[in-house]
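Novice: Chains as they are written, first to last, in this note's numbering: chain A, 123 to 328; chain B, 15 to 285; chain C, 4 to 594.
Since the hints were derived computationally from the structure, they do not count as laboratory data. Owing to the predicted nature of the structure, the values given are computational and were not obtained by experimental measurement. Where a beta carbon is used, it is the ideal one built from N, C-alpha and C, also for glycine. Hints may contain errors.
[As the list claims (entries may be wrong)] A short list of chain C residues far from chain B (calculated; beta carbon distances all over 10 Å):
hint : residue
1    : Tyr26
2    : Ile52
3    : Gly70
4    : Ser142
5    : Ala175
6    : Arg214
7    : Gly215
8    : Leu218
9    : Leu318
10   : Gly346
11   : Leu360
12   : Pro365
13   : Thr367
14   : Thr420
15   : Phe468
16   : Arg489
[Unchecked claim] Calculated pairs, SDA-like style, for lysine to any residue (alpha carbon to alpha carbon, straight line, at most 25 Å):
hint : chain 1 : residue 1 : chain 2 : residue 2
17   : A       : Lys295    : C       : Gln542
18   : B       : Lys125    : C       : Val423
19   : B       : Lys95     : C       : Gln542
20   : B       : Lys125    : C       : Pro358
21   : B       : Lys93     : C       : Ala18
22   : B       : Lys169    : C       : Gly256
23   : B       : Lys95     : C       : Gln576
24   : C       : Lys461    : B       : Lys169
25   : A       : Lys295    : C       : Ala18
26   : C       : Lys535    : B       : Lys95
27   : C       : Lys461    : B       : Met15
28   : C       : Lys535    : B       : Leu132
29   : B       : Lys95     : C       : Ser587
30   : C       : Lys461    : B       : Arg88
31   : B       : Lys93     : C       : His567
[To be verified] Covered by chain B, according to a simulated footprint, are these stretches of chain C (three or more residues, beta-carbon under 8 Å):
hint : region
32   : 80-93
33   : 124-131
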Amino acid sequence: MEFTAGHGHAGLMEESPYGIPSGKLAIWCFVLSDAVTFAAVLFAYGYLRVGSPDWSTPFSFSPSILNGIVMTFVLLTSGLTMLAAVEAAKAGRTSAGTRWLWATCALGALFAVLHLLEWRRMIEEGWRLFQNPTGGAVQFGAAFFSVTGLHLLHVVGGVVALLIMALGFPSGKYNRTDIEVTGIYWHFVDLVWMFVFPLMYLMNAK
Amino acid sequence: MGKLFAVVLILITIISTVFFIYHGPDNILWLPIDASAHGHGVDHQLMETMYGSGFLFVASQILLGLFVWQSTSRPEGWKYKTFPGGAKPMVVSAILLVGIEILTLSFVGSKVWAGIYLSPAESQALPIDVQAGQFAFYFRYAGADGKFGGIHADKIDEGSGNFFGLDPRDDVAARDDVVVASLTIPVNRPILLTMHSKDVIHSFYVRELRLQQDIVPGLMIPLHFTATQTGRFEIVCTQLCGLGHYQMKAYLDVLPAGKFDEWLKQQEAQQ
Amino acid sequence: MSEATAHAATHQHTAPTGFFRKYVFSVDHKVIGLQYYGLGLFAVIIGMILSWLMRLHLGWSTLAIPGLEKLSPVGAPGNVMTPEYYLSLMTMHGTIMVFFVLTNVPFAGFGNYFLPIQVGAADMAFPRMNMMSFWVTLSAFLVLMAAFFVSGGPPLSGWTAYAPLSAIGQDAGPGQGLGQTLWAVSIAIFCVAQLLGALNFIATTLDLRTRGMSLARMPLSTWAWFITSVIGLMAFAVLLPACILLFLDRVAGTSFFVPSGLVVSDRLQPHTGGSPLLWQHLFWFFGHPEVYIAILPAIGIVSHILPAFMRKPMLGTRVLIGCMAAIGFLSYMVWGHHMFVSGMNPFSAILFSVPTLVITIPATIATLLWIGSVYGARLRITTASLFCLGFVSVFISGGISGFFLAQPSIDTYLHATYFVVAHFHFVMGVAAIFGMFAGTYFWMPKMIGRMMNESLGKLHFWITFVGVYCIFMPMHYLGLAGNVRRYAAFTDDFLVPLIPVHQFITIAALVTGAAQLIFLFNLVWTRFRGPKASDNPWQATSLEWSTTSPPPFDNFGGKQLVVHNEAYLYGVQGASGDYVMQTSPETVAQD
């Protein structure tokens, strides 16, 4: 990727006002845009929840909230491993960096699996995008599956990106900036979860 | 050709302005009569804006034309002139003139708006239920008991004329509800409409009442007014609702008080 | 200098060879810009034909239009348009024009071509992502066009696609089946393309400016493209989930936008608990910034071109940049002015009205700056400068009607009438288009290497300029008279007397439309017969004029330009010529 465009042209190019390579600038812009997308979906959820006379709060501590806590822990840990990967990459420690990338990838995949298992449990209980087995507002299913689904999509995308990075980093196909860019994206996905978990799970606890 | 531009621009400005002042035969290019108690506020706001923006429109187009006229036949080597004061007078005059204008308009306009949409209806307003649906309006009066029957979506049956989905068998209040296809009201008496839709978004618009309100399915929307002139006016749908949108209308008949009471008694007797 | 060339050489991608790499799957921003322009041209022709069909039907609602039945046997039996087909054509007209013409050409088209050049870069920051943006946009266009050919035809809910009409599905009416679903998918895809494009523009503007090209020295067109990208980044980010939620309501049985108890086509709909107003909030939170995305590039282009033909800088270049930024910022606070009578809390109307009126201030400042710039100038009349001056005039006309609509107490009467149609056509359908024409006549010599025919251009301008006033000025009067919009025909006693006005408008529209053939002919003529253009036929100052016409594949032939001057040093006394180019090392007393 042309991440290094605009970088290292000392004296020949104007200094970027942010002094960062284009790839990082672009991922920050993407994060800003994606944050607005999530904000819109969460707004829709809030709007419907406030307007609903019979909103459900079906999540009992076990298994739902507990599962959510585990997932949160997994994702936060993956944030730490990502930080470690970026540090190692910046310091030139390629094999350490690669190991941390694999760890992050694995934790992300674990998150996705736990999430899908939870979805399967809920679907078995009768929850759908258009169906609420407890008889309350059907918007619960719609909001829950679309919000968490959108986030899950981003997690899976991140896992794939981490996989590609982990495979390409040792050979030098990707460099430290690429790892940093992936890191910024991954931290964003983590940050979104820190909104989704309270708004979608904790607020809908029994 | 620059001079031609200036001339054409000024002609366009003049001709355009003419039709804001001369409204055609029978005032066909202008608002119809105001038949509502609150309408003068709307019309006043409109006219104030018309004068203010009309002045801006004419002045700016003519100024543009004038400057173009002046600037197109200057010789080679002519040293350009900067507008006296540079950009500052532009910024200052825009902020001051436009700022003052919008402050005044907002202040007065909010009062007009609040008077129509934010004030509660008079307590003795005549309540009428309005249902919009693809592609007709229906109106319901409470009947002698003064109570509206409940609405049941699953009971709506256009074929048998049960537009509102009333259940007269089990619902006493519904038995004497008067359902009609045109809105008949007494003059000079407050009316409170409660509007709902059975399918998609429609809108209630009576030009002579200077009133417009979308009718949104899932919501019961109140709208109150007092008609100040008798006559027959059109209620038209203004929110795109499907293929019959252009034909979706009903009549508003404003009757003298006595005639209205007669009409209502007649309708109640037919239930 | 040798270090500069060596350094630049390591970052040059080598010139592409082969037809496909050069003209089809090209990563060259210039080719991509022309591809967007070509797509926009194709789209505007379709959009315009749709408008002719609509206008013909409005003037003469029983008219049999030859060939219409072939296009849609169900929509136009016997070549006479049905009301539902009118609405479908109207929906497609709006959708195509707003997305594939107005968001496309001034921004993606000209912006892609000229942003890198105007900042002195060899290409965009991410050339391959740039290529992807175009192909994703083209895919969105093809998905939308497919709606014409599926059973049920195109959707009829307008480009605004209000729910529940757009969310219920087939029961709501013809076109509301697959056609509406394709619409939602197409627009969602379009959002993704726009987001990718915005990333590229922002990164290029901030990172790839050549030496000496400080932000303050960037041309106004570059500033406009940059500000537009920032707006777009957040606006399209809201439309995307809105379309996805609409899609889910349509195919997955959700009820985001559909409340319970709806009886449509005698069928009780299964949805419960959704809110039609939610769609409107999401849509207009995008929709209002979108109209500024449509106009800001045109503002930038016109402000960039005028100085070259006035032989003086714009009055208040920095103030103008501030105005563009202020308009962009305020655009996020006003979306509720599309919803004054929508059923949302009427108190919100007052809250939205204030920033809406406040936006008129930077717009007025910009207008006064243009007018004030013409004062004391030495104006050279070319087709490009005529369209710029025409732009100022129609921008005034369109902006003034906004004053009325911004006030809820007036909007209660004017909402959904032809007054609104007049307003948005003047600012979007005319002003933004004039910006595109000005850009075309100004930049075509640079893009194609040939000069356009000025006589044909001026003829095109005059008919168009008078024509658009004939089309859209009368719509204000119709609106004041209470002529409701989005009506397929005028059949009731109130509206029938206004039909002659509609007929006048239709004739004006057809004549003006025909005049666009002059423009198309001129484009073709230029390509094959136009006289060769020099590097700088307009004696202009910005970086695009410091290279050949057309530029080489890496824009500057391997040279790394150094910028010494601000962008609009025209009318300079004592310079060789009356102007100083941005790359010129001539020092001039800049006061």
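Novice: Next step is simple, just say for each hint if it's right about the structure.
Specialist: Against the structure, the hints come out as follows:
1. Tyr26: holds (37 Å)
2. Ile52: Fine: 22 Å to the nearest Cβ keeps C/Ile52 off the interface.
3. Gly70: holds (22 Å)
4. Ser142: holds (28 Å)
5. Ala175: With a cut-off of 10 Å, C/Ala175 comes too close to chain B, as the shortest Cβ separation is near 6 Å.
6. Arg214: holds (29 Å)
7. Gly215: holds (25 Å)
8. Leu218: holds (19 Å)
9. Leu318: Not fine: 5 Å to the nearest Cβ puts C/Leu318 too close to chain B.
10. Gly346: The assertion about C/Gly346 is violated, with a minimum of 4 Å to chain B.
11. Leu360: violated (4 Å)
12. Pro365: violated (8 Å)
13. Thr367: Non-interface label fails for C/Thr367: nearest chain B Cβ at 4 Å, not farther than 10 Å.
14. Thr420: The claim is violated: C/Thr420 sits with its nearest Cβ about 8 Å from chain B, within 10 Å.
15. Phe468: About 7 Å separates C/Phe468 from the closest Cβ of chain B, which leaves it inside 10 Å; violated.
16. Arg489: Contrary to the label, C/Arg489 does not stay out of reach of chain B, its closest Cβ about 5 Å off (not over 10 Å).
17. A/Lys295 <-> C/Gln542: Outside the cut-off at roughly 47 Å; violated.
18. B/Lys125 <-> C/Val423: Between B/Lys125 and C/Val423 the Cα gap is close to 23 Å, so the pair holds against 25 Å.
19. B/Lys95 <-> C/Gln542: The given pair, whose Cα atoms are some 20 Å apart, holds under the 25 Å limit.
20. B/Lys125 <-> C/Pro358: holds (17 Å)
21. B/Lys93 <-> C/Ala18: violated (45 Å)
22. B/Lys169 <-> C/Gly256: Holds: B/Lys169 and C/Gly256 sit about 23 Å apart, inside 25 Å.
23. B/Lys95 <-> C/Gln576: holds (12 Å)
24. C/Lys461 <-> B/Lys169: violated (65 Å)
25. A/Lys295 <-> C/Ala18: holds (24 Å)
26. C/Lys535 <-> B/Lys95: violated (34 Å)
27. C/Lys461 <-> B/Met15: Measuring from Cα to Cα gives roughly 10 Å; hence the hint holds.
28. C/Lys535 <-> B/Leu132: violated (66 Å)
29. B/Lys95 <-> C/Ser587: holds (24 Å)
30. C/Lys461 <-> B/Arg88: holds (21 Å)
31. B/Lys93 <-> C/His567: holds (23 Å)
32. 80-93: holds (count 4)
33. 124-131: violated (count 0)
Of the numbered hints given earlier, the model fails hints 5, 9, 10, 11, 12, 13, 14, 15, 16, 17, 21, 24, 26, 28, 33; all others are met.
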